[in-house]
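K.L.:
Spelled out from the first residue to the last, the chains are:
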Amino acid sequence: MNRKRKFLLGSAILVAAIGTLVWTAVRETSAYFMTVDEWAVDPGAHADASLRLAGRVTQGSVQWDPKTLDLAFVLMPIPKGQGGSHEGRRAGETLPIATAEARLPVSYNGILPDMFADGRDVIVEGRVVDGVFHAKSLLTTCPSKYEADKQAPAQEAGGNGSPA
Amino acid sequence: MSEIGRLAIVLGFVVALWGIGASVLGALRRDRDLVASGSHAAYAFSALVGIAVAALLYLLLTHDFNVEYVASYSSTTLPVWYTISALWGGMKGSLLWWTFILAVCNAIVQAQNRAKNRDAMPWVTAVLLSVGAFFLSLLVFVTDPFERLSFTPAEGSDLNPLLQNYWMTIHPPSLYVGFVTTTVPFAFAIAALATGKLGDNWIRTTRRWTIFSWFFLTLGNLFGAAWAYVVLGWGGYWAWDPVENAAFMPWLTSTAFLHSVMIQEKKDMLKVWNMVLVILTFALTIFGTFLTRSGVISSVHSFTQSGMGPFFMGFLLFVLAVSIGLLAWRLPMLKSRNELESVFSREAAFLLNNLVLVGIAFTVFWGTVFPVISEWVRGVKITVGPPFFNRVNAPLALALVLLMGIGPVIAWRRASWQSLKRSFLWPTATGLAVGLASLLLAGGNFYAVVAFSLSAFALTTVWIEFWRGMRVRQAMLGEPAWTALSRLVGKNRRRYGGYVVHVGTAMVFIGIVASSVFKLEKQQGLEPGGTVDIGPYTLRYDGVRTESDPHVDKTLAQVFVTRGGKPVGTLEPEKRFYKRTKQPTTEVAIWSTLGSDLYVVLGSYDAPSKSAVLQVFLNPLMAWMWLGGVVMALGTAICMWPAWSERTATVAAGLPAGTRTAS
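Going down the list, the sequences are from chains A and B. To convert, take the position in the first sequence, counting from 1, and add 148; that gives the numbering used here. To convert, take the position in the second sequence, counting from 1, and add 226; that gives the numbering used here.
These are computed hints drawn from the structure, not numbers from a lab. Quick caveat: nothing in here was measured; it's all calculated off a predicted structure. Careful: at least some of the hints might be erroneous.
[To be verified] Distance windows between CB atoms, simulated: (1) B:F672 x A:D266: 39 to 49 Å; (2) A:D266 x B:P776: 55 to 65 Å; (3) A:D266 x B:P834: 43 to 53 Å; (4) A:A197 x B:P612: 12 to 22 Å.
[Stated by the list, open to error] Facing chain A, a subset of chain B residues (Cβ under 7 Å, in silico): (5) G276; (6) N564; (7) L581; (8) G585; (9) T589; (10) V595; (11) P597; (12) V598; (13) G605; (14) R617; (15) L752; (16) G755; (17) T811; (18) S830; (19) V839; (20) Q841.
Here a beta-carbon is modelled for each residue, glycine too, at the ideal position from N, C-alpha and C.
Whole structure, please, built from the sequences with the hints as guidance.
P.N.:
See the structure below:
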């Protein structure tokens, strides 16, 4: 029995070690994940935090210098009911006017993802400094990998296609 | 043809229900005719699903765009090979494909066990058909792959260009085979619990299925990594995306099972644990399917919010409830007859290895679902990214490599000091020497130094095992070295195949560590004639050339590479534009050597000025990862070999003597 207890103790130590690793890593590497409109409700609340923001690239806001790789654009909320999986659970809810019109300038340096363009949905990771979101990474989420451009054949015939 | 397919899946569903009922009833009433009827239903199910797959394939190849699935995932200009891969390129097709693989496995299981496992088989049939019926019910009631449109588009909207890659044609089938075949050991485990025959017969029967499943899970993960590496163009191959994690978790628990099952066979211990691992592995494959189909967790390659989520969640909960219920009911019968005797024993090393593997699976699970949990608990979505997974798993991976060196050679029960010294003196010395060398060469990166040192330790133990085994045969039987080596492996395929897998794993590990720790990266805007240096290479940008066909436009940058002044060749990183989907993609160019990969991305191209931005990575020892994967596959094949040779032997025995030599 004594030996068995020793093994249980050893296993418990290992489990505790893994738990500690997870705990500290979560604390130090986590980022708040929200949509632009959720962020806009109280911008001051996440002043210093790491953020992952989901939003849409505002039409006509993209400025890109292919020489320096500097990119600037303005992020806006994704109109409800159109977004992909990052939209959140409240699909039916209408946005308050104030947050629906939230606009957040984003700056980024690097190569543009293939799918980046006006009106695309993106996820940016970084921090807000002086009202500008400094993104260290920029991900485009095509509505989905498998279902992209699903509407194409349907639209030709007046939107009679099937929903995914 | 779509009507035939539709009819086949509806009939398949009905047949599956019949088979489940007949098998369960037959088992309870001990009615042989009913049990046989259930088995026949399993064959019929396989045939019907086969017909459905053939029908969908026919529709794809004949470009019947009136069928919604065909119109959505293919086009007339899509190459034939990718048209076939469109079979699993969309959600509906992938569900059908999944069911098909399961149906094939079911038929094989039925054939293998015609005259064996009479008590267990009805339950096995019922479990396999239940899982099949669940997948088919989605296709029959929720999302019909044979759905027709009210009009016929002139052209399909094509397969997503990111999926038009050779790795993508083999990655999903491999992974699905790996996923689906976990159902077979699960079914036998459930049957063992149901019948109360809890000896290790079910483990022996499913041993090769487990290895087979592990083989394809390994390949599936590696093919997926290779796809990400050559297609996504960010210089890496693994981003801890939920989709990747979903494929990785069953691999971890399956690896744990492959090890702990040896303890059960040799020492009759860990019975409950093994049951748990088999159930967990199967549940994680369903969970993975749930993750990728539900949109609950956002992923870079999020699939779709398909409304499939609740069905998979429901099925998962059902599976867990039934399994845990059965396990709890039979718990008293699963007592071990032996206990651990010493910390310095193979049992203890294997137990630790299991704890670490399951620990990694848990951290990956936790990191993947963390956004959902934090939203429940605190009302805010908090995500953890790659830094979390890397930080947590780096020390665990190191521990695993250490155990990989210890486990195979430490003595059973209780290792004496003498035997420890005999087994580990040289490996430890080699490990320390390599550690010292990499400290001097590679500098003060703690992880890299420890990782290389431990890998050397693990590789040396394997080397010594082969060496000693070979010397013994040479000395006792007078065999020449190569004969001794091949007979050594041939006579203990499982053991030495396992060692070869360890060598491959160490190589993959070395490749991962080197390519992530010592990666170099540069971005540079270049005019034609401009150069950029990275590591030993100099790259000169010489403008672009273009190619065009009805399917795709290509812009190929001409990058002339030299190494230390000597020309290496011209690399052509591309930008592509797929005309059907109107989607641009990036095709990387890779110059791969054993030492490093030169990985070149055409970041952007400005036609008027002919200037381009190149993104260049130097990934050290990257090739080790892929070669390690090949070695792992080879080792697993050695482990599986007896299955084939035994069968050939029985087949050959039934043939006239003359034909035997010919084969």
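K.L.:
Look at each hint and say if it fits the structure.
P.N.:
Structure-based check of all given hints:
In this structure, F672 (chain B) and D266 (chain A) meet the distance hint of 39 to 49 Å, their C-beta atoms being roughly 45 Å apart. The hint said 55 to 65 Å for the Cβ distance between D266 (chain A) and P776 (chain B), and at roughly 27 Å that hint is violated. At roughly 21 Å, the beta-carbon separation of D266 (chain A) and P834 (chain B) lies outside the given 43 to 53 Å, and the hint is violated. The hinted range of 12 to 22 Å is satisfied by A197 (chain A) and P612 (chain B), whose Cβ atoms lie roughly 18 Å apart.
At about 24 Å, the closest approach between the beta carbon of G276 (chain B) and any beta carbon in chain A exceeds 7 Å, and the interface hint on this residue is violated. Because the smallest distance between the Cβ of N564 (chain B) and any Cβ of chain A comes to about 12 Å, over 7 Å, the interface hint for this residue is violated. The beta carbon of L581 (chain B) comes within 5 Å of a beta carbon in chain A, closer than 7 Å, and the hint placing it at the interface holds. Taking 7 Å as the C-beta cut-off, the interface hint given for G585 (chain B) holds, the closest approach to chain A being about 4 Å.
Interface hint status for T589 (chain B): upheld, as the beta-carbon distance to the closest one in chain A is roughly 5 Å, under 7 Å. Below 7 Å, beta-carbon pairs count as interface contacts, and V595 (chain B) has none with chain A, the closest being about 12 Å; its hint is therefore violated. Of the supplied interface hints, the one on P597 (chain B) holds, with its beta-carbon coming within about 6 Å of a beta-carbon of chain A, less than 7 Å. Annotation: V598 (chain B) was flagged as interfacial toward chain A, and the flag is violated, the nearest CB pair being 10 Å apart, outside 7 Å.
Proximity of G605 (chain B) to chain A is violated relative to the hint, the smallest CB-CB distance being about 11 Å (cut-off 7 Å). With its C-beta approaching chain A no nearer than about 4 Å, R617 (chain B) sits inside the 7 Å limit, and its interface hint holds. Interface hint at L752 (chain B): violated, since its Cβ lies 10 Å from the closest Cβ of chain A, which is beyond the 7 Å cut-off. For G755 (chain B), the suggested interface contact is broken, since its CB lies about 16 Å from the closest CB of chain A, more than 7 Å.
With its C-beta approaching chain A no nearer than about 5 Å, T811 (chain B) sits inside the 7 Å limit, and its interface hint holds. Annotation: interface hint on S830 (chain B) holds; nearest CB of chain A at approximately 5 Å, less than 7 Å. With a cut of 7 Å, the hint placing V839 (chain B) at the interface with chain A holds, because the nearest CB-to-CB distance is about 6 Å. The beta carbon of Q841 (chain B) is positioned within 7 Å of a beta carbon in chain A (closest approach about 5 Å), and the interface hint is therefore held.
Hint compliance for this structure: hints 2, 3, 5, 6, 10, 12, 13, 15, 16 are broken, all remaining hints hold.
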